[in-house]
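Q: The residues making up each chain are set out below.
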Amino acid sequence: MADTAIRPPAAKPTKSTRRASDRIFLGLSAGSASLIMVILAGVAIFLIIKGIPAMTANWAANPDLSSIQNPAHRPWGSFWEYVGPLLWGSIWSALIAMVLGAPVAIGIALFISHYAPRRIAGFLGYIVDLLAAVPSIVFGLWGIIVIRPFLLPLSDFLNQYFGWIPLFSGPVSSTGSTMLAGGVVLAVMILPIVTSITREIFLQTPRLHEEAALALGATRWEMIRLSVFPYARSGMVSATLLGLGRALGETMAIALIISPSVLYSLLVLTDGYNSQTIAANIALNFPVASDIQRSALIGTGLMLFVVSLAVNILARYIITATGPGKKRRRRKEGKSA
Amino acid sequence: MSAPTAAPETTDRTSGPARLTSGRLPRFIEPIVLVAVAAAVALVLFVVTQHLNIAVWLVLTAVFYLIAIGVGSSIVENRRKAVDRVVRGIVTAFFVLAVAPLISTLWTVVAQGIKVVNWTFITSVGGSTFDPNTLAVVNTPGALQSIVGTLIITGIATLISVPIGILTAVYLTEYSLPTNPLRRTITFLVDVMTGIPSIVAGLFAFSLFALIVGPKAFSGFSASVALCVLMIPIVVRSTEEMIRLVPSELREASLALGVPKSTTIMKVVLRTAASGIVTGVVLAIARVVGETAPIFIAASFTDNFNANPFRDPMQTLAVQAYTAYSFPGKDIDASQAQAWGAALLLVILVVIFNLIARIVAKVFAPKVR
Chain P
457 MADTAIRPPA AKPTKSTRRA SDRIFLGLSA GSASLIMVIL AGVAIFLIIK GIPAMTANWA
517 ANPDLSSIQN PAHRPWGSFW EYVGPLLWGS IWSALIAMVL GAPVAIGIAL FISHYAPRRI
577 AGFLGYIVDL LAAVPSIVFG LWGIIVIRPF LLPLSDFLNQ YFGWIPLFSG PVSSTGSTML
637 AGGVVLAVMI LPIVTSITRE IFLQTPRLHE EAALALGATR WEMIRLSVFP YARSGMVSAT
697 LLGLGRALGE TMAIALIISP SVLYSLLVLT DGYNSQTIAA NIALNFPVAS DIQRSALIGT
757 GLMLFVVSLA VNILARYIIT ATGPGKKRRR RKEGKSA
Chain W
1305 MSAPTAAPET TDRTSGPARL TSGRLPRFIE PIVLVAVAAA VALVLFVVTQ HLNIAVWLVL
1365 TAVFYLIAIG VGSSIVENRR KAVDRVVRGI VTAFFVLAVA PLISTLWTVV AQGIKVVNWT
1425 FITSVGGSTF DPNTLAVVNT PGALQSIVGT LIITGIATLI SVPIGILTAV YLTEYSLPTN
1485 PLRRTITFLV DVMTGIPSIV AGLFAFSLFA LIVGPKAFSG FSASVALCVL MIPIVVRSTE
1545 EMIRLVPSEL REASLALGVP KSTTIMKVVL RTAASGIVTG VVLAIARVVG ETAPIFIAAS
1605 FTDNFNANPF RDPMQTLAVQ AYTAYSFPGK DIDASQAQAW GAALLLVILV VIFNLIARIV
1665 AKVFAPKVR
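Protein chains in written order, with my numbering: chain P, 457 to 793; chain W, 1305 to 1673.
Note that these hints are calculated values from the structure, not bench results. Built from N, CA and C at the ideal position, the CB exists for glycine as well.
Far from chain P, by Cβ distances over 12 Å, these chain W residues were calculated:
hint, residue
1, Ala1340
2, Ile1460
3, Ser1579
4, Phe1614
Label pairs and their in silico Cβ distance ranges:
hint, chain 1, residue 1, chain 2, residue 2, range
5, P, Asp520, W, Asn1608, 22 to 32 Å
6, W, Gly1459, P, Ile621, 45 to 55 Å
7, P, Asp520, W, Arg1575, 50 to 60 Å
8, P, Ile601, W, Val1655, 13 to 23 Å
Only chain P is shown next, with the shape it has when bound in the complex:
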């Protein structure tokens, strides 16, 4: 193997074959890397190809399209009229999940990184990561039989005393298939990703900052406010956005739990006025859709792709461009993502 330098005449052929094997390997790995670009572009291109017929069609003239999912008020006039409420539903449910989940996730990250005993911190982190291992369909089924009845008393309470807030108004659902239930399950599902990213960043706070704060007599909470939060701010924002992106694309929890309609709605406690989300809408209607309806559903999927891509790019941009310790962290948070 290593004797090529000693025997120059024999070295030539082997050297060239080695170069060839090197070149093949380099080619393979560079090819695989480029394939990533091809796949991502392919996702966009094929969605566009299949979605375009419905997106550009004249919906008013096509009964298959204008009557898709029996619109409550009047037939759909165009693709945009149809996708608008769905997009709103996706964003609305993801926002609810983010508002409910992100503070809890950041609290958990703080607990694991700065409050829990060092020896069991790793184990506690593992427990939270286990949440990510539970398949989404299982969370959906769990939401149906546990979360829906669990939230009913809370729904009644909120409606009775806070019904004057538009959010909590309307007839309270008796089954519990509400946006609130969907949002709570989504919040549980985004906990692990937000927690693991913020935890990594909390742990990277420079030791000296923390010890300096403690040495000045700060309590632990003051130390966290003075040294950990300023350091991790951009990371927390970015992790929250990644959680939002995850919630946008979640299908099963919403498809199974809420009883939806395609409309713009802020209500979270009813079962007739929940905005349907894009992903759940596709899952529920794809099997029974006709060809052109499938095309419409793929078109909505394209919109979802664009929105979640934008959210993810924004999150990555924040963490790489404005966060401290750019390069080091970029590697670390990839593991959890």
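Fit chain W to the known structure of chain P by using the hints.
A: Chain W alone, transformed into the frame defined by chain P:
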């Protein structure tokens, strides 16, 4: 983390000798207060409502504990310490809040699934047969077609994703400098790719095969392609992570001996990182094996036994759980029981993959001497 030991701000000098602990609450005051509050809340709840609602009890305990510790600490100690103790209570409560759904989910799945899962359920083909034309549905217990489908679809996805993922990671770590624009682009795209909604991956595979094969494009292979879109970035990420842990001395030693770069990578770098890479791959499998939406879109669903991934719809456990619940048969209870059975089998599968990953990580880790 060294414990913050702020000195007491006021020391009561009149009552006996000043001690370091004066002006502070006793050391184990927090668990004591917690237990006391929990007991008191339980008692009051029981007296008022005659029965104990666990959730209400936990929530009230947390609230009253925070109030008690906050007020107590601000009287005996000072406001800053009170805030500190309250925050500690809140983040601990948040952690419990995250563990509760995990336990509740697993408990529910096991409790519901155990009723239907038995040897017959695993070894017979069944399900709710759904006919879109007549909407008639018949129900027989069984999940064999889903188990086989799950293994085939995930297996093909693994076979495609793992080489691509590992080679991409090799390119990113071994062949390109951090300033290389291609590397920066691909790293960014891999990051972005982890955020693709799973249902979009399914739509992509469906569109791709619809253009190639025609409108009846549902097949297990199509679902595998969808899973690849989700799996490749996970494999790239974890492999990259593991390759970076390989000490560069090993590479340099190998290269200095005249070993070609490709051989160095395969025989030294990848072999050293092997256990970590395998662990990452198995975890990636565990992640995609439970996917529902992409498979549902790309492979549709069926209750026929189909072991040919290249034609006709294929069923997986996750999809069976979904369809049995969303499109139930005449006997709704039987369909739902079926769904829980499939869900339990799925969870067992995920647990098995996670265990394999942990065992591989433990047993085959490079030995440190």
